[in-house]
Amino acid sequence: MSRFAIETVELNHHFGSQAVIKNLSLQVPKRSIYGFLGPNGAGKTTTIKMLLNLLQPPADTVFIFGKELTNNRIACLAQMGSLVEQPAIYAHLTGKENLINRCILLGINKNKATEMLALVGLIEAGDKKAGKYSLGMKQRLGIALALIGDPELLLLDEPTNGLDPNGIIEIRNLMLELTSKHGKTILISSHLLAEIERTATHVGIINKGELLFQGTINELQDLSKPAIKIEVDDHGAAANILSSNGAAIISENEGSIHINYTGKADMGNYNSLLVKNGVTVYSIGTEKKDLEHLFLDITSRN
Amino acid sequence: MRSLFISIQSEFYKSRNTLAFWSSILLPVIICGAIALGFIFKYDNLLKHPPQVLWFYFLSPIVGIMGSLLLPVLVIYNTYAVTNMENKGDTWKSLFSLPLPKLSIYSSKFLYVIFLTFLTMLLFSVLIFGFGHAIELVRPQLKFGAFNPSEVIFKSFTKMFLSSIGIISLQFLMNLMWNDFLKPFGLGFLLTIVGSICANVGWKYAVYLPHAFPSLTVMNIMSTKKGIEFGIFDQAIANSLICGVAVFILGYFILLKRNIK
Numbered sequence: 001m002s003r004f005a006i007e008t009v010e011l012n013h014h015f016g017s018q019a020v021i022k023n024l025s026l027q028v029p030k031r032s033i034y035g036f037l038g039p040n041g042a043g044k045t046t047t048i049k050m051l052l053n054l055l056q057p058p059a060d061t062v063f064i065f066g067k068e069l070t071n072n073r074i075a076c077l078a079q080m081g082s083l084v085e086q087p088a089i090y091a092h093l094t095g096k097e098n099l100i101n102r103c104i105l106l107g108i109n110k111n112k113a114t115e116m117l118a119l120v121g122l123i124e125a126g127d128k129k130a131g132k133y134s135l136g137m138k139q140r141l142g143i144a145l146a147l148i149g150d151p152e153l154l155l156l157d158e159p160t161n162g163l164d165p166n167g168i169i170e171i172r173n174l175m176l177e178l179t180s181k182h183g184k185t186i187l188i189s190s191h192l193l194a195e196i197e198r199t200a201t202h203v204g205i206i207n208k209g210e211l212l213f214q215g216t217i218n219e220l221q222d223l224s225k226p227a228i229k230i231e232v233d234d235h236g237a238a239a240n241i242l243s244s245n246g247a248a249i250i251s252e253n254e255g256s257i258h259i260n261y262t263g264k265a266d267m268g269n270y271n272s273l274l275v276k277n278g279v280t281v282y283s284i285g286t287e288k289k290d291l292e293h294l295f296l297d298i299t300s301r302n
Numbered sequence: 001m002r003s004l005f006i007s008i009q010s011e012f013y014k015s016r017n018t019l020a021f022w023s024s025i026l027l028p029v030i031i032c033g034a035i036a037l038g039f040i041f042k043y044d045n046l047l048k049h050p051p052q053v054l055w056f057y058f059l060s061p062i063v064g065i066m067g068s069l070l071l072p073v074l075v076i077y078n079t080y081a082v083t084n085m086e087n088k089g090d091t092w093k094s095l096f097s098l099p100l101p102k103l104s105i106y107s108s109k110f111l112y113v114i115f116l117t118f119l120t121m122l123l124f125s126v127l128i129f130g131f132g133h134a135i136e137l138v139r140p141q142l143k144f145g146a147f148n149p150s151e152v153i154f155k156s157f158t159k160m161f162l163s164s165i166g167i168i169s170l171q172f173l174m175n176l177m178w179n180d181f182l183k184p185f186g187l188g189f190l191l192t193i194v195g196s197i198c199a200n201v202g203w204k205y206a207v208y209l210p211h212a213f214p215s216l217t218v219m220n221i222m223s224t225k226k227g228i229e230f231g232i233f234d235q236a237i238a239n240s241l242i243c244g245v246a247v248f249i250l251g252y253f254i255l256l257k258r259n260i261k
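Protein chains in written order, with the numbering used here: chain P, 1 to 302; chain F, 1 to 261.
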């Protein structure tokens, strides 16, 4: 039994002569929230479409819960719910009717429609035509459509698009509950890096069709070399003193200076050195790059 | 089979409040009702005619206009409406990411268009028969009840329905391939006019043009006024069914190869 909900093996895809996915080997562990990050045009949506068999992947390259996708299409799709690009809803039907239609297609009890409306906060708008919904309401309906079949694996392409901060928090809490209490696996592509940092357990970073990083959120953080930030009254004097004592200066600004972190002991020594030499130290501490800066660093190398 | 059944059920659920569905019902009601009113208000001019001729006067305008224009345009519109529902909402990708065979999804839409056409033809048959007898209740001088037209009506509308299968398959394929109103509708309308002209001038190869099948069928039905019996199956009907099956299969293989954007 595979421990991965999604596994791709050197997945490739071309649009005409242009390679848009290159040797992509995703490994999404079960019960994880996998943040799938990349700049616009990196190949995130193309990858998600291949996982759903909307774009035909080569044989033996995509595995969903251990089953090869092209030979087990129905069985794989039965375990998946998705929201790809904008929500796919029928504007002439009400929100509730859209969900009932999905219940008909999945062969499940139509009462699930009301349950899903309550879950995404659309009970009061359930009898309104979906074409009249705001962007946020359409997004909620799209999430409800993805969840209604109680799938083991959710593929969400920018699910918080158009949601206000309260809505984003609700979706975050819902995703955390789905994985921790219900054992679901979620692959979420997003541009909201701060949101991914709060929610994801694993991250994959893609650019120009290539997977540049894949691992846990902690492994990603470990890539970032920490720095020491020292706030001083005279950054010029501080820079001279520190560099002549072997410190590597990263940057120097009015009132502060950044040097490479080489250990707690060295940090203490630098503090003492500055004070002995008449430089006033207002604060000294370590700093790590946030996900946004890490993402920019990683994608800029490719 | 279960997948096909639930897909068709979904098609019905999605379109039960749309123009495509209701026009299939209202069109026969309005046309038959209008003709019936014409009989009721202008009955003086019709008193001299025997019952068979009265039924012919009721049936022939409908069959005539259906064959040359109304049936092809109805089919062109229905195929557009059924496929455009998915194009408008960008819902093809959600349909094809459901655990349903692609053949079921494809077939359900095709069969639903056939159902709408069948419904229209059935309602025409029933309403012509019903209105004919209802006219006699209002105008007893018009002896509709003295002749039983059910065989002629049944054969006529069965032929009309079967003659449309070829057009349904072609228009359905065009609408699947082109996310557009003008191309399938414009091309279909043009082919309808060309087909009608070819049929009416008696071009020998008109029997191979799908959009000419309804016109050829009408010509075959109208030949009964010369006392010639007509059967349900003729060359145009056979070609319509062959075209329907062949293009349906071709369309499915095109769909399999396509990526769903």
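By construction, these hints were calculated from the structure, which means they are not laboratory data. Do not take every clue at face value.
Said to hold, decoys possible - Once the Cα atoms are required to be at most 20 Å apart in a straight line, the calculated DMTMM-like pairs of lysine to aspartate or glutamate come out as:
id	chain 1	residue 1	chain 2	residue 2
1	P	Lys-132	P	Asp-164
2	P	Lys-30	P	Glu-197
3	F	Lys-88	P	Glu-85
4	F	Lys-102	P	Glu-68
5	P	Lys-181	P	Glu-115
6	F	Lys-257	P	Asp-60
7	F	Lys-93	P	Glu-252
8	F	Lys-48	F	Glu-151
9	P	Lys-208	P	Asp-222
10	P	Lys-288	P	Asp-233
11	P	Lys-22	P	Glu-10
12	P	Lys-30	P	Asp-150
13	F	Lys-93	P	Asp-150
14	P	Lys-132	F	Asp-90
15	F	Lys-93	P	Glu-115
16	P	Lys-129	F	Asp-90
17	P	Lys-129	P	Asp-150
To be verified - Among the chain P residues that face chain F by a calculated CB cut under 8 Å, a handful are:
id	residue
18	Val-9
19	Gln-56
20	Ala-78
21	Ser-82
22	Gln-86
23	Gly-107
24	Ile-108
25	Asn-111
26	Ile-169
27	Phe-213
28	Thr-216
All figures in this text were calculated on a predicted structure; none of them were measured in a lab. Backbone N, C-alpha and C define an ideal beta-carbon position, used for all residues, glycine too.
These are the hints, each one checked on the structure:
Pair hint Lys-132 (chain P) plus Asp-164 (chain P) holds up; C-alpha atoms about 18 Å apart against a cutoff of 20 Å. With a C-alpha separation of about 19 Å, the suggested pair Lys-30 (chain P) and Glu-197 (chain P) falls inside the 20 Å cut-off, and the hint holds. Straight-line distance between C-alpha atoms of Lys-88 (chain F) and Glu-85 (chain P) comes to about 15 Å, which keeps the hinted pair within the 20 Å bound. With a CA separation close to 18 Å, the supplied pair Lys-102 (chain F) and Glu-68 (chain P) stays within the 20 Å bound.
Restraint check for Lys-181 (chain P) and Glu-115 (chain P): the C-alpha separation of about 18 Å stays at or below 20 Å, so the hint holds. With a C-alpha separation of about 18 Å, the suggested pairing of Lys-257 (chain F) with Asp-60 (chain P) holds against the 20 Å cut-off. Between Lys-93 (chain F) and Glu-252 (chain P) the alpha-carbon distance is near 52 Å, which puts this suggested pair outside the 20 Å criterion. Pair hint Lys-48 (chain F) plus Glu-151 (chain F) does not hold up; C-alpha atoms about 24 Å apart against a cutoff of 20 Å.
Among the hinted pairs, Lys-208 (chain P) with Asp-222 (chain P) is inconsistent with the structure: their alpha-carbon atoms are about 24 Å apart, more than 20 Å. Between Lys-288 (chain P) and Asp-233 (chain P), the direct Cα distance comes to roughly 23 Å. Violation of the 20 Å bound is thereby established for this hinted pair. Of the supplied pair hints, the one linking Lys-22 (chain P) and Glu-10 (chain P) holds, its CA atoms being roughly 7 Å apart against a limit of 20 Å. Taking the CA atoms of Lys-30 (chain P) and Asp-150 (chain P), the gap is near 16 Å; set against the 20 Å cutoff, the hint holds.
A threshold of 20 Å between alpha carbons decides the hint, and for Lys-93 (chain F) with Asp-150 (chain P) the separation of about 19 Å falls inside it, so the pair holds. A threshold of 20 Å between alpha carbons decides the hint, and for Lys-132 (chain P) with Asp-90 (chain F) the separation of about 16 Å falls inside it, so the pair holds. This hinted pair does not check out: Lys-93 (chain F) and Glu-115 (chain P) have alpha carbons roughly 24 Å apart, beyond 20 Å. Restraint check for Lys-129 (chain P) and Asp-90 (chain F): the C-alpha separation of about 16 Å stays at or below 20 Å, so the hint holds.
Restraint check for Lys-129 (chain P) and Asp-150 (chain P): the C-alpha separation of about 24 Å exceeds 20 Å, so the hint is violated. Violation of the interface hint for Val-9 (chain P) is found here, the shortest Cβ-Cβ separation to chain F being roughly 20 Å, above the 8 Å cut-off. Because the closest C-beta pair between Gln-56 (chain P) and chain F is about 6 Å apart, less than 8 Å, the hint holds. Interface restraint check: Ala-78 (chain P) against chain F, minimum CB-CB distance 4 Å, threshold 8 Å, status holds.
Because the smallest distance between the Cβ of Ser-82 (chain P) and any Cβ of chain F comes to about 5 Å, under 8 Å, the interface hint for this residue holds. A least Cβ separation of about 6 Å between Gln-86 (chain P) and chain F falls short of the 8 Å threshold, and the interface hint therefore holds. A distance limit of 8 Å between C-beta atoms decides the matter here; for Gly-107 (chain P) the minimum to chain F is near 6 Å, and the interface restraint holds. Hint status for Ile-108 (chain P): violated, given a least beta-carbon distance of 11 Å to chain F, over 8 Å.
The interface hint given for Asn-111 (chain P) is broken, as the beta carbon of that residue sits about 16 Å from the closest beta carbon of chain F, more than 8 Å. Checking Ile-169 (chain P) against chain F: minimum C-beta separation of about 26 Å lies over 8 Å; hint violated. Hint status for Phe-213 (chain P) relative to chain F: violated, with the closest Cβ pair at about 27 Å, above 8 Å. The criterion of a C-beta within 8 Å of any C-beta in chain F is not met by Thr-216 (chain P), whose closest approach is roughly 28 Å, and the hint is violated.
Checked against the numbered hints given earlier, the structure breaks hints 7, 8, 9, 10, 15, 17, 18, 24, 25, 26, 27, 28 and satisfies all the rest.
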